[in-house]
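S.K.: Each of the two chains sits in its own frame; use the hints to bring them together as a complex.
Residue numbers (the working numbering), protein chains in the order written: chain D, 1 to 401; chain G, 1 to 135.
Calculated directly from the structure, the hints in this document are not laboratory data.
Don't be surprised by glycine CBs; every beta carbon is placed ideally from N, CA and C.
Check each hint, because a few of them may be wrong.
[Unchecked claim] Pairs of lysine to any residue residues, derived as SDA-like cross-links and limited to a Cα-Cα distance of at most 20 Å, are as follows: (1) G:Lys-130 with G:Thr-14; (2) G:Lys-130 with D:Ile-18; (3) G:Lys-80 with D:Ile-18.
[Said to hold, decoys possible] A short, non-exhaustive set of chain D residues, derived as facing chain G with CB atoms under 10 Å: (4) Gly-303; (5) Asn-374; (6) Gly-377.
[As the list claims (entries may be wrong)] Beta-carbon label-pair distances, calculated as ranges: (7) G:Arg-24 with D:Arg-217: 33 to 39 Å; (8) D:Thr-15 with G:Arg-78: 42 to 48 Å; (9) G:Arg-9 with D:Ala-359: 21 to 27 Å; (10) D:Arg-217 with G:Gly-54: 50 to 56 Å; (11) D:Gly-398 with G:Arg-9: 26 to 32 Å; (12) G:Arg-78 with D:Gly-4: 29 to 35 Å; (13) G:Arg-19 with D:Ser-253: 35 to 41 Å; (14) D:Glu-22 with G:Arg-78: 23 to 29 Å; (15) D:Ile-18 with G:Arg-9: 40 to 46 Å; (16) D:Gly-4 with G:Asp-102: 46 to 52 Å.
The primary structure of each chain is shown beneath.
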Amino acid sequence: MLAGKLGEVPKLALTHQIKVGEFFGAQDFVAVTQAHVMADTESLGEAGVRWLESLAATKDGSRTVRIPTITDPRGTDFTKARQLKQADWMVDLERRAVAALVKIGVSMTDTCINYQTVLAATRGEHVAFGDTGVVIYSNSVCGARSNFEGGPSALSAGLTGRTPRYGFHLDRNRQATLRVRVVWTPESLNDWGALGAVIGRIAGNYWAVPVVEGIERAPTSDELKHFGAAMASFGSVALFHIVGMTPEASRLSDVAGDRLPEHRVGRAEVKALQQSYAVDSKVDVVVFSAPQLSLYELRALAGLCDGRKFKIPLLAVTSPQVKPDSDRFGYTGRIEAAGGTVYSGMCFYQSYAREIAEANGWKTLATNSAKMVNILGGYGYVPILASMEECVDAAQTGRLR
Amino acid sequence: MSGKVFVARHAMGTKVSGRALVARDGFSARYDLDRIAGVFSRPAHKLAGQSYVGRVLVLDTAKGGVASAWMLHEMRSRDKVPLALVFNSVNPILAQGAALGDITMLAGFDEDVTAVVPHGAEVEVDPAAKTLRVL
Numbered sequence: 001m002l003a004g005k006l007g008e009v010p011k012l013a014l015t016h017q018i019k020v021g022e023f024f025g026a027q028d029f030v031a032v033t034q035a036h037v038m039a040d041t042e043s044l045g046e047a048g049v050r051w052l053e054s055l056a057a058t059k060d061g062s063r064t065v066r067i068p069t070i071t072d073p074r075g076t077d078f079t080k081a082r083q084l085k086q087a088d089w090m091v092d093l094e095r096r097a098v099a100a101l102v103k104i105g106v107s108m109t110d111t112c113i114n115y116q117t118v119l120a121a122t123r124g125e126h127v128a129f130g131d132t133g134v135v136i137y138s139n140s141v142c143g144a145r146s147n148f149e150g151g152p153s154a155l156s157a158g159l160t161g162r163t164p165r166y167g168f169h170l171d172r173n174r175q176a177t178l179r180v181r182v183v184w185t186p187e188s189l190n191d192w193g194a195l196g197a198v199i200g201r202i203a204g205n206y207w208a209v210p211v212v213e214g215i216e217r218a219p220t221s222d223e224l225k226h227f228g229a230a231m232a233s234f235g236s237v238a239l240f241h242i243v244g245m246t247p248e249a250s251r252l253s254d255v256a257g258d259r260l261p262e263h264r265v266g267r268a269e270v271k272a273l274q275q276s277y278a279v280d281s282k283v284d285v286v287v288f289s290a291p292q293l294s295l296y297e298l299r300a301l302a303g304l305c306d307g308r309k310f311k312i313p314l315l316a317v318t319s320p321q322v323k324p325d326s327d328r329f330g331y332t333g334r335i336e337a338a339g340g341t342v343y344s345g346m347c348f349y350q351s352y353a354r355e356i357a358e359a360n361g362w363k364t365l366a367t368n369s370a371k372m373v374n375i376l377g378g379y380g381y382v383p384i385l386a387s388m389e390e391c392v393d394a395a396q397t398g399r400l401r
Numbered sequence: 001m002s003g004k005v006f007v008a009r010h011a012m013g014t015k016v017s018g019r020a021l022v023a024r025d026g027f028s029a030r031y032d033l034d035r036i037a038g039v040f041s042r043p044a045h046k047l048a049g050q051s052y053v054g055r056v057l058v059l060d061t062a063k064g065g066v067a068s069a070w071m072l073h074e075m076r077s078r079d080k081v082p083l084a085l086v087f088n089s090v091n092p093i094l095a096q097g098a099a100l101g102d103i104t105m106l107a108g109f110d111e112d113v114t115a116v117v118p119h120g121a122e123v124e125v126d127p128a129a130k131t132l133r134v135l
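Pulled out of the complex, with its shape left as it was, chain G reads as follows (with noise of 0.2 Å):
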């Protein structure tokens, strides 16, 4: 898997480099975080419990929610926020969150990346490229 890389249709942000926390589920900063702690909170999510804070989260789709595009900002001046989203398909609140809270973000693969990334891989994400690397 080390080298493979994954091409997206859609990029914004600046190149970044970490761990990958994967999951074939959905993301939403008011429905799944408590953005306090910096952890999924929401029991049924597959990530439930685990730190999301400096970690690329690659998860299926964005869901409902449009508090999100100011969560991201808020969460980023509290440090407490993904180094970079990388979704399967995502909505227009996560893109407009991520440009104001100045997050990178990658969407839109051939392949369902939940199920080709390993969870816990050192991943790099670069927007230029539109480009996920598994390291």
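One chain only, chain D, in its complex shape (with noise of 0.2 Å):
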């Protein structure tokens, strides 16, 4: 492959590994069962695209991916573009990156939630995911093995069928470096989300792996989901153990986490995270993405909406996977009955989210997300976490309770 025998598209995706592997010291490369390409425009810029285009254009040996490769989501949703004010070269750009994608063979899934959607990845099974909410999942609670894997070298891992063998996917990386006992087990969503994103910030680095006791039930994968995407999101982190319940921690010991010092974590702590966003009562729109809603979410939400008509936008983002599910219950009907809009295939701040603040004149943003809430203050919003139900209340009356 590197000696160029199996064209030029094979031979570049594997240097580039080579180069991310001696950077971390990787001693060989791993076989990888799956890839998931994060891709949306907003990232790949103009330049981008044009990478990806002068792959698929390559005449000479293999262009294609080796193994399963999926795509997390898009940055729009192609149907509702002219709702968001999108402009069209941003729906232009993404389409020239679908073409390119689909002639490398990758599988336009558009998903960041596709251990809930596609086919979640078993313990032991090495992958290269891309999305840090994807990757701290699947390491965590389903004991997969994958790095943060960007677009590049997760593109790279598909058309290779491997990676380079470095941090997760080493026993030795995997053991606990930060103990945290939480005397305070959340309810809601948005409260999963504050303590992964407390718990984030005390990690505060890839390589700290936090292993956390005292959730006394067991948490469902939507709270999960919340949790990790937040810890990941606050401390760039990539794996945590909770003892008795995610598959390699049966015991503290068995992560070595009896050998540390244990941090306290409790209501307090979440209640003044959440404070800290709680700046205006005032909000021009309620989102909830990041991670993309599951069927449930979609339920509890259309439930919540039932009867009532908003007064701002309330925009709930979903899978394609998801989505014709949540027409065919009617979830979709009555979220937008009230006035609401379900999105499909995207997420709302990979899709020009500084654009499309200036085009709507959206400024305070309402969500029970509290990983979208660390991102969109970079893009000029200002971000208010708060619990679903509140957030709905929002879309009706214009303000925070």
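M.R.: If you want it as structure tokens, here you go:
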């Protein structure tokens, strides 16, 4: 492959992987079974799209992926781009990226919850996943093995069928480095996200592995989705353990957590993080996204929307796998009857968030996603973290209680 | 401080020299930057409002967000890119982005480089020697 006998595309991919692997001291490669590529055009830009198009246009040798390779959300819902007031050039760039990725053999799943909707990785399975929320969930809850693989590296893994063996592919990096005793078990998704955010801030870097004690019941997949996504966002964390619940930590000692000093985190720390974002009560837009909503989250949202008429926009974002069921079960209709909109295959913050804020006059945004409040400050928003119920109330009144 | 040398465990890219922007804060191309203007834009960031273009960024750690891997490449295409990235601790995304974007990077030091390199100092980054030198 490196000699170019399979063509220029596999050679380019492997060369990139060797550069990254040598940086981290990888001794060899490990075969991977799936790749998940983050490639929205707000990130790619014109330069990234041209790079993909150059791979897709290669005639010499193989230019297609060797293993199942899927995608993270796109930067638009093509059916609703005008409603978002996205410019034509954004949609055109998205179409070019999709066309190039399809030529490379990538399956356009457009989801950041592939572990709920496509195919969850299993314990010990080596994968090359992009999207930090996907990686932390797959590593922690499923027991799979992945590093954060940015778009170029995940695509390279798809093209070569392997990835450099460093980081969380190695047993030694999966032991706990931070012990956290939680003295309060959250109930709502925003509280689970905020708890993940607090632990992420304590952990503070990619190589930290928190082990958490004190969770009093088995969390649901959606709760762990928000918990992990926020921890990854606030702390760049890629793996956590919950004693007695996640597969590699039946006991604290399984991940060497018994040798670590204990940090205590409770309701006060979680509320303090939430309060730090509560700077305004007037709300311009309500967004449920990041991660995309599961069918059960949409069901809950539909129940809250019944009988309401919204004063401000409410956006709910899900995956192309979930959206047809949401339509079929009537959830989409109930949310949209109240004045909300259900989007598919995109992610709010990956969809030119700065530009659509300016086009729509949005500044203050309410959400139940701790991950999103962490991101949107950099895009000029004033984000507020609240429960799903409080956000729906805000959509009706324009104000957060 | 002049002449002081710090040795990294991880390195890539070519040797460069320039002025350092130093802060004990993180780095994410998506979360922290206005990439069009070429400035740190997240209000809470310790370098908020400062241009990163052509500077050696000396920061604590890379933060979450796989987008940075593409974004460094895109920033390079418009010459709105840091001269080099130097971290106490790096995540794979920034390393992958630096590899695609051809950006010099050092990471992993025995001391906190954000505490010992003066903000605004002229520095030399030499990946072959894995060194950061205050000039």
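S.K.: For every hint, state whether the structure bears it out.
M.R.: Going through the hints against the structure:
1. Restraint check for Lys-130 of chain G and Thr-14 of chain G: the C-alpha separation of about 11 Å stays at or below 20 Å, so the hint holds.
2. With a C-alpha separation of about 18 Å, the suggested pairing of Lys-130 of chain G with Ile-18 of chain D holds against the 20 Å cut-off.
3. A C-alpha spacing of about 26 Å is found between Lys-80 of chain G and Ile-18 of chain D, which places the hinted pair above 20 Å, so the restraint is violated.
4. The beta carbon of Gly-303 of chain D is not positioned within 10 Å of any beta carbon in chain G (closest approach about 32 Å), and the interface hint is therefore violated.
5. Taking 10 Å as the C-beta cut-off, the interface hint given for Asn-374 of chain D holds, the closest approach to chain G being about 7 Å.
6. Because the smallest distance between the Cβ of Gly-377 of chain D and any Cβ of chain G comes to about 5 Å, under 10 Å, the interface hint for this residue holds.
7. At about 38 Å, the CB distance of Arg-24 of chain G to Arg-217 of chain D agrees with the hint of 33 to 39 Å.
8. The hint said 42 to 48 Å for the Cβ distance between Thr-15 of chain D and Arg-78 of chain G, and at roughly 24 Å that hint is violated.
9. A beta carbon spacing of about 45 Å between Arg-9 of chain G and Ala-359 of chain D contradicts the range 21 to 27 Å that was offered as a hint.
10. Under the hint 50 to 56 Å, the C-beta atoms of Arg-217 of chain D and Gly-54 of chain G, about 53 Å apart, fit the expected range.
11. The hint said 26 to 32 Å for the Cβ distance between Gly-398 of chain D and Arg-9 of chain G, and at roughly 52 Å that hint is violated.
12. For the pair Arg-78 of chain G and Gly-4 of chain D, the supplied restraint of 29 to 35 Å holds, since their beta-carbon distance comes to about 31 Å.
13. For the hinted restraint 35 to 41 Å between Arg-19 of chain G and Ser-253 of chain D, the CB-CB distance of approximately 49 Å leaves it violated.
14. Between Glu-22 of chain D and Arg-78 of chain G the C-beta distance comes to about 28 Å, which sits within the given range of 23 to 29 Å.
15. For Ile-18 of chain D and Arg-9 of chain G, the hinted distance range of 40 to 46 Å is not satisfied, since their beta carbons lie about 18 Å from each other.
16. For the pair Gly-4 of chain D and Asp-102 of chain G, the supplied restraint of 46 to 52 Å is violated, since their beta-carbon distance comes to about 21 Å.
Hint check: violations occur at hints 3, 4, 8, 9, 11, 13, 15, 16; the rest are consistent with the structure.
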